[in-house]
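Peer 1: In the order they appear, the protein sequences are chains A and B. Sequential numbering from 1 applies to the first sequence in the working numbering. Sequential numbering from 1 applies to the second sequence in the working numbering.
Check each hint, because a few of them may be wrong.
To be verified - Derived DSSO-like pairs (lysine-lysine); straight-line CA-CA distance at most 27 Å:
#1 K384(A) with K102(B)
#2 K98(B) with K384(A)
#3 K65(A) with K600(A)
Treat the hints as calculated values from the structure; they're not laboratory data. As the structure is a prediction and not an experimental result, all values here were calculated from the model.
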Amino acid sequence: MSPLNKRVIRNLKKSKLQYFAIMTVMMVGILIYIAMNMGIGNFENSANTYYEKNNLADITAEVVKIPINSLDIVKHIEGVKNVEGRIKRDVPLIIDGTNEKVTVRIISVPDNIEINKLYEINGKSKFNSIYDVFVIEQFVQGRDIKLDDILTLQINGKRYDLNVVSEVGSPEFVYLMKDSQALLPDFKKFGVIYVSEKFAKDAFGMGNSYNELTIDIKDGYNPEKVKDEVEKVLDKYGAKRVITRKDQLSYMIVKEEIKGGKKSSSVLPLVFLIVAGAILTVMINRLVKNDRMTIGVLKSMGYTNLEVLIHYSKFAVFIGLAGSFAGIVIGVLLSKSFTKMYTMYYKVHYITVEYYPSYLIGAVFLSLLFSVGAGVLGAKNSLKIAPAESMRKEPPKRGKRVLFEGTKFWNKIKFTDKMVWRNLMRKKTRVVFIAMGVAVTLLVVVVPLFFFGEMPKMFTEQYGKTLTMEYDINFVAPTGMESIDVIKDNISYSKIEPKLDYPFEIESKWRSKIVSVVGMKEDTIMYHFKDMEGNILIPKKDFVYITSGLAKLLEVEVGDDININNYIPGKNDIVVKINGIVKQNLGSNIYMDIDFMQRKLVDRDAISGVYINSDDDVKKKLENVYNISSVSSLSDISSSFKEFMKITSASISAMLFFGFILGFAIMYNTTIMTINSRTMEFSSLRILGMSKNEIIGMIIEENFIISILGIIIGIPLAKFSSENMMNAFSTDIYSFSGTVEPKSYVIGILITLGFIFLAELAAYGKIKNLNFLDALKERAS
Amino acid sequence: MLFSAVQTEKIKEEYKVNSNEYEKNDVAIEIINLKKHYQMGEIKVKALRGSSFEVMDGEFVVVLGPSGSGKSTLLNMIGGMDNPTEGSVKFYNADVTKYSEKQLTQYRRDEVGFVFQFYNLMASLTAKENVELATEICSNPLDIDMIMNDVGLSERAGHFPSQMSGGEQQRVAIARAVAKNPKILLCDEPTGALDYTTGKKILQLLVDVNKKYKKTVIVITHNAAIGDIADKVIKMRSGEVEEIIENKNPISPERVEW
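Start from the sequences and build out the full structure, keeping to the hints where you can.
Peer 2: As structure tokens, this is what we get:
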């Protein structure tokens, strides 16, 4: 090994803690890059494999009724490869002795199922009796259902005892939610049960008909175009809702999660790599400055500028590669856990864990890019050092009178305080460098704190301020206004309001999305809408509001027209004008006057549920009301929300943890670098008779003042970064849009000060052990 | 490493073309009306105000003068470390002051060995590695072990500078300069940081190098007594050559007293 390379390694060893701190930041950046990308990549691949192997339907069509022999008509549509019919209906599960409202979706399974094939987890693969059922895995886990358990269902007023013979997964319900209106999953309250066709036909009285078709299309055909044809053909069978795979609820949520994960996996590593690169640049820069004489000696020996530049860049490259290697190893190990974390919430099978060479190459490339960049940027000053000049001592800078000098305040303060202020005023670059370190530390701590604060806020904004109900009651199917009276008769309440909640396809130009359209009274007492500026929106007759996220997606504004595509038999598509954009972070909706919605879209008088505020035992008292499918209290929704946000929450926790590492690394390095570059100054002070404690006191005082400056810079920086990172964490289902709370700043400042304190401790040790005489004698390093 | 080797070859080619190789001449260094002005902070320093002299091949020359007389600046000019404001430095008839940056690098690499007052060793390299640092990049280095032996440091080759005395460190610095096999050795106050006895030993070593390896040696010092060991003494004051003394009978460093 060449002597210069030996020097690199020995000098790295000498300042191992400092380099280790930067290496850790680099490592974390690469670790996140590898773990997240591979984790998400594996999850995406597994999901795609699952969809492919179990043949997730390309198109799903809900109809009122279609005879078995009419399936051929659909099969003959150009582009259709295969069609299967099934009977699907939501029914209540009877749980004796409790007041729980549990809904199960019954889906019939043909003998030779080809589309939406089930994944056998546990139990039998065939029905031996018409009362045998397969149960979806989430529901099995949610309700702790065992094989051979009996589930009692109420179908058309009749009780059926069904025998659980198998636990299954379905590509259709990777993420199990009742419907898009549900917004949040609840595996205890909603499940899917697969039954034999015979049982479904008998129990629902469907004869030789189905009410839903699953369609597989041929390769190379545009699903949207085939869907349009299917709609036309099914019109006479009472087509209710025809959707392609991209609008299928579970599929859409999985894709959104992958999209969000990919966004985060591209932003987060960059934050760490940029910080590591910045610290490395400054560190190499300082090293070059301190090594002025050494560089002169090297040049006097005939080393070229490029050789000197490469020598100093090697410090950065070594750190980069070491960090990259450690990051790759830990990242690869963690990627498996990352995929597992996803599969805890998204029930994907055929999990494939691969180690993608492209990400490994990407990691090495990224670390080289940032470390070589940092090395060259930091060491480029070595090119400027003329050999002869470097052999001369740097001329002392001319001391100027500082701002307060000569004032009464100045004359009153201690000598050491004067030194502190003179240092601060004269070494502006150093002050800015440390202040920026404090500011970035504050930023990396405040950003995750902001997101932590935003999550519950997102919920309380939606279910505390916008919608002020205590119970959300949903009927099995849309019913007449008289259903309210049934509820009124059963419970005492302070407020009650009907709602009509139904999914429609909303279209604007070529953009469309299926969302829940919610109808409410013009003088609603439960909803309190605000626009993007926070102004209260007062609904007027026939009002139509759109939520902010949906407006952005469809690129529409107030005054624009949107199409509402209606699949309810006998009802037409309508065009409506948007009267207001509602600020909403949870879910995408259209809100409109219930009267208008009933007239134009559903049925006069139709309601799908009610909102209630009541101190009564609502759940218990409504348990015997037959047409109620669910009664959710605010706390039920809150716990579902927490469950739903678990992955995001875990990501933010990891971000906070890594933020701590980053913060400490920044503060430790900035402090140590400053101490290292001032050994000569401190040695001179010692020779002049100052004690170690007096010097440390001065450093603490200096750093305290700089920290205040750093915090002042850091607050707007943290605010700006938080608000700009919201996009990375937002999906179609939820979005962040708040501002950083003062509490987050206070906690962030306290944590930053804690890091500064720890760094000061390290600096204390360094100064205590500093050999002042040696430092004064030192001529090369 | 491959890159720097390629680059070195390129520099050498260019260097050869421009210097036409050295012509055999008795004059090793020719200084012609050399002036150097530079800015130090807010002060303009006139370090050299027009000096001229010659150094013959194989000569042991002492440049004598008080602090601030321009000795170090002169040495830097001869060593290709700095460019003059005016005048020229000729090295075996080739005008070093007309060299490009690359040629100067090659010149320092192959032709010049520097010895500094404060040794300027790399603290994190052993004595031998410090010498290797120099030999690694030059085209015709001497055997390192032989040099280490000649400077009396065979036993200390694996020691770090912090484990050595000042005299030993200066020996390493001399070994580092000699091992490159340069034509000329430039020593900037080589005894300035050493005690009397050690200083004399270092001077003896330089004389030995001059004799054994036939190197032209230029020592700059403020210590007038050292002049007695030189073939030629160039006295400087305020950036000008005050006097040039040819010494027909230089004495052994052992006999020098100060």
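Peer 1: Can you list which hints this structure breaks, lowest number first?
Peer 2: none
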